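**Q** Residue-level listing of the chains:
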Amino acid sequence: MDSDEQKVDLIVVGAGLAGLSCAYEAARSGLSVLLLERGDHPGAKNVSGGRIYIEPVRDLMPAKFWQDAPLERPVTSESLVLMGPSSSVTLVFSSESMRADPPSSYTILRSRFDRWFGEQVEASGAFVVPQAVATGLLRDGDRIAGVRAGEEDLEADVVVAADGALSFLAREAGLAPGLAPAGHALGIKEVIALDPGRIEDRLALAPGQGAARLFLGDLTRSMVGGGFLYSNRDSISLGLVVSLEDLGGRPDDADGSHALLDAFKERPEIRPLVEGGETVEYSAHLIPELPVGGLPSRVTDNLLVVGDAAGLVIYHGITVRGMDLAMASGVLAARACVKAREAGDFSASALSKYDRMLAESFVMRDVERHAAAPGFLARRRLYETYPREICDLLEDLFRVGPDGKERLYPAAWKRVRRTFLSMEGLKDLWAARKL
Amino acid sequence: MKTLSVDQKLALDAIKPQDEPHIRLDPGKCRACKARPCLQACPAHLYTLSPETGEVTFEHAGCLECGTCLALCPEDLDWSYPAGGFGVQYRHG
Ligand SMILES: Cc1cc2nc3c(=O)[nH]c(=O)nc-3n(C[C@H](O)[C@H](O)[C@H](O)COP(=O)(O)OP(=O)(O)OC[C@H]3O[C@@H](n4cnc5c(N)ncnc54)[C@H](O)[C@@H]3O)c2cc1C
Ligand code: SF4
Ligand code: SF4
Numbered sequence: 089m090d091s092d093e094q095k096v097d098l099i100v101v102g103a104g105l106a107g108l109s110c111a112y113e114a115a116r117s118g119l120s121v122l123l124l125e126r127g128d129h130p131g132a133k134n135v136s137g138g139r140i141y142i143e144p145v146r147d148l149m150p151a152k153f154w155q156d157a158p159l160e161r162p163v164t165s166e167s168l169v170l171m172g173p174s175s176s177v178t179l180v181f182s183s184e185s186m187r188a189d190p191p192s193s194y195t196i197l198r199s200r201f202d203r204w205f206g207e208q209v210e211a212s213g214a215f216v217v218p219q220a221v222a223t224g225l226l227r228d229g230d231r232i233a234g235v236r237a238g239e240e241d242l243e244a245d246v247v248v249a250a251d252g253a254l255s256f257l258a259r260e261a262g263l264a265p266g267l268a269p270a271g272h273a274l275g276i277k278e279v280i281a282l283d284p285g286r287i288e289d290r291l292a293l294a295p296g297q298g299a300a301r302l303f304l305g306d307l308t309r310s311m312v313g314g315g316f317l318y319s320n321r322d323s324i325s326l327g328l329v330v331s332l333e334d335l336g337g338r339p340d341d342a343d344g345s346h347a348l349l350d351a352f353k354e355r356p357e358i359r360p361l362v363e364g365g366e367t368v369e370y371s372a373h374l375i376p377e378l379p380v381g382g383l384p385s386r387v388t389d390n391l392l393v394v395g396d397a398a399g400l401v402i403y404h405g406i407t408v409r410g411m412d413l414a415m416a417s418g419v420l421a422a423r424a425c426v427k428a429r430e431a432g433d434f435s436a437s438a439l440s441k442y443d444r445m446l447a448e449s450f451v452m453r454d455v456e457r458h459a460a461a462p463g464f465l466a467r468r469r470l471y472e473t474y475p476r477e478i479c480d481l482l483e484d485l486f487r488v489g490p491d492g493k494e495r496l497y498p499a500a501w502k503r504v505r506r507t508f509l510s511m512e513g514l515k516d517l518w519a520a521r522k523l
Numbered sequence: 025m026k027t028l029s030v031d032q033k034l035a036l037d038a039i040k041p042q043d044e045p046h047i048r049l050d051p052g053k054c055r056a057c058k059a060r061p062c063l064q065a066c067p068a069h070l071y072t073l074s075p076e077t078g079e080v081t082f083e084h085a086g087c088l089e090c091g092t093c094l095a096l097c098p099e100d101l102d103w104s105y106p107a108g109g110f111g112v113q114y115r116h117g
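So the protein sequences, as listed, match chains A and B. Quick note on numbering: our numbering labels position 38 of the first sequence as 126, and the sequence is numbered without any gaps. Quick note on numbering: our numbering labels position 20 of the second sequence as 44, and the sequence is numbered without any gaps.
Think of the hints as simulated: they come from the structure by calculation, not from any bench. All values derive from a computational prediction rather than experimental measurement. Ideal placement from N, C-alpha and C gives every residue a C-beta, glycine not left out. There could be a bad hint or two in this list.
Claimed, not checked - Below, computed lysine to aspartate or glutamate pairings styled on EDC-like, alpha-carbon distance capped at 20 Å:
#  : chain 1 : residue 1 : chain 2 : residue 2
1  : B       : K26       : A       : E363
2  : B       : K53       : B       : D100
3  : B       : K26       : A       : E366
4  : B       : K58       : A       : D341
5  : B       : K58       : A       : D334
6  : B       : K26       : A       : D350
7  : B       : K26       : A       : E357
8  : B       : K26       : A       : E354
9  : B       : K53       : A       : D341
10 : B       : K26       : A       : D283
11 : B       : K53       : A       : D340
Said to hold, decoys possible - Stretches of chain A that chain B covers, calculated by requiring three or more beta carbons in the stretch to come under 8 Å of a beta carbon on chain B:
#  : segment
12 : 131-139
13 : 189-200
14 : 211-221
15 : 265-276
16 : 326-336
17 : 345-357
Said to hold, decoys possible - Pair ranges (Cβ atoms, derived):
#  : chain 1 : residue 1 : chain 2 : residue 2 : range
18 : B       : P98       : A       : S437      : 33 to 41 Å
19 : A       : F486      : B       : T81       : 48 to 56 Å
20 : A       : G285      : B       : A56       : 53 to 61 Å
Taking the hints into account, I'd like the entire structure generated from these sequences.
**A** Here you go:
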C-alpha cells in the first residue's frame, strides 16, 4: 500500500480490550480505521483472570453493548483465602451492594469476549485484520508514517500501539525501556470445565451468580504474588500470578513454574471445588505492574500507547485490574485522534490531549492513588509470614489435642507480639499507611 | 481429578505450530549463562538440559508466547512472535 488512497486515519495494533475500544470509538466517530491482530481472531492470544469492573467504563460504551456482551457471571461472592503450609483461613465478604442491579463486575473469558467485541468493531466500520503481525514501525524520514506487517507497508496519520504487555512498538518508538523482569508478573492459568449446577453448589451461589476468590500465602513459595479462582458460566478459571523478578531468582533446578499451579490445585482448599471437572485450556501471559518510578511516556509524534502497552495496570491488594483501564485508555486515545484529525495536526503536542484526558479520568486518578501498592506488596512477609501466622493463631483457637487445651491468651499474645508487634511487623504496618 | 503433565496440558491447547522456530537460542551464550532462568520459569517447560551434552535445548512448538524467557534471559534472546495464523489460539482465554 503506497498510494495516498490506501492511507487510513488510524492504524491500531492489537485487538485486546485497549485496541478494540480505540478502534470502536474512532470508527464510530467517522475515522477510517485499520485494526491489526496477530491471532486468528480478536481474543485468540489474550488471557485475563478475569474479572472486569464495569462501573468505571459503563458509560464509555453504548448501553446495548453491555446488554449483549458475552459476560460470564456477575460477581456476588468475594473471598480471600490466607494459606499456611497445611492450613488456611477464609474471609468471605458479602454485601447487598454486590447484588445491586446492574452488577458492577463480571467474570469474563477473553477469547469469547474479545471475539464478540471484534464483531461490534467491524459493524462500526473499522477494518479488523486477523492473522496480521505488525513487525515494526513504518517511517518517512524520522516521522512515524504507519506500520510494517511483514512485506507490507501500511500508512496512517496515527498509529495506536495497543499491543499488550510486551509492546514491541512502544519500545521501537522509544516510549518504553527494554523488557525486564522488574515491574512484571507472570500469570499462569487453567480453565476447568464444570457444569453450572456443580459450580453453584460448590461455591454457594444462586443460579447465574459468580464468585471471585483470591489466595495469598504458601502457594507462591515466598514469591510476591497470589492465586485466583473465578467462576464462569460453565467453567472455573484457576490460576496464579508471581513476580517475574522473584521467579527468575530461583535456582535453575527449581520445579518448573507450571508445577506451582499443580501444587495449588492439589490443595484441599481447591481440589473439592474442581473435582470431576475437566481441564480444557492452559495459558500463560505477562502482566505489567505499575512501575514504581511512574509510567512510561504515552505519546510521541504520530503515535499513542494504550492499555498494558502503556503499563496501565493496577496491582492493588492481590487483585490485578487492567481491563477497564485498557478500555478507557483506548477510548480516550481515539478521542484525541479525532481532535487531531479535525486540526490536521498529529504532532505529540496535539496528541497529548490523550494524556490530559487520561489525567482527568479515573484511570490516572486510580493509578496515582495506588502508586504505593507495588512497594508495599513487595514486602515478603505478606506472603511468607502473615498468612501462616494467622492460620496458626486460629489453629491455637480451635484445636483441642489429647492433652486438652492450653490457655488461649498466653499463646496468642506471644504469637501476636512476635509477628505483628515485632520491629518488622510494625515497619510493615507503617509502610501500609501509604496505601 | 487427575493431574496432567505440562505436555498433556499443552496438548489441550489449540496451537498451530510454525515450522520455523520463532525463538532461537545461541548455544555459545547458553553455555556461558550461569543462572539459566529459562529452565524453571517457562510455564510450558520448553527449555530443558540435555542429559547427554549438558546443553540447554529448546522446543518451540508448545510456546504460549508469554515472553517470560525473553524478559528473564540475561543475553539478548532472539525472540519474535510467530507469523500471523500460527502459534497458540486460545478458545477461552
Ligand atoms: C493471569 C492474568 C489475570 C488478570 N486478571 C485480571 C482481572 O481479573 N481483571 C482485570 O481487570 N485485569 C486482569 N488482568 C489484566 C488484563 O488482562 C490486561 O490489563 C488487559 O488484557 C490489557 O488489555 P490490552 O488490550 O492492553 O492488552 P492485551 O489484552 O494483551 O491485547 C494486546 C493485543 O495485541 C495483539 N498484538 C500484540 N502485538 C501485536 C503485533 N505486533 N501485531 C498485531 N497484534 C499484536 C495481541 O495478540 C493482543 O490481542 C489479568 C492479566 C493476566 C495475565
Ligand atoms: S536464560 Fe537465555 S542465555 Fe541463559 S540458558 Fe536460557 S536462553 Fe540461554
Ligand atoms: S514465551 Fe513463554 S511459553 Fe514461550 S518459550 Fe518463552 S517462557 Fe516458554
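**Q** List in ascending order the numbers of the hints, as given earlier, that are violated by the structure.
**A** none
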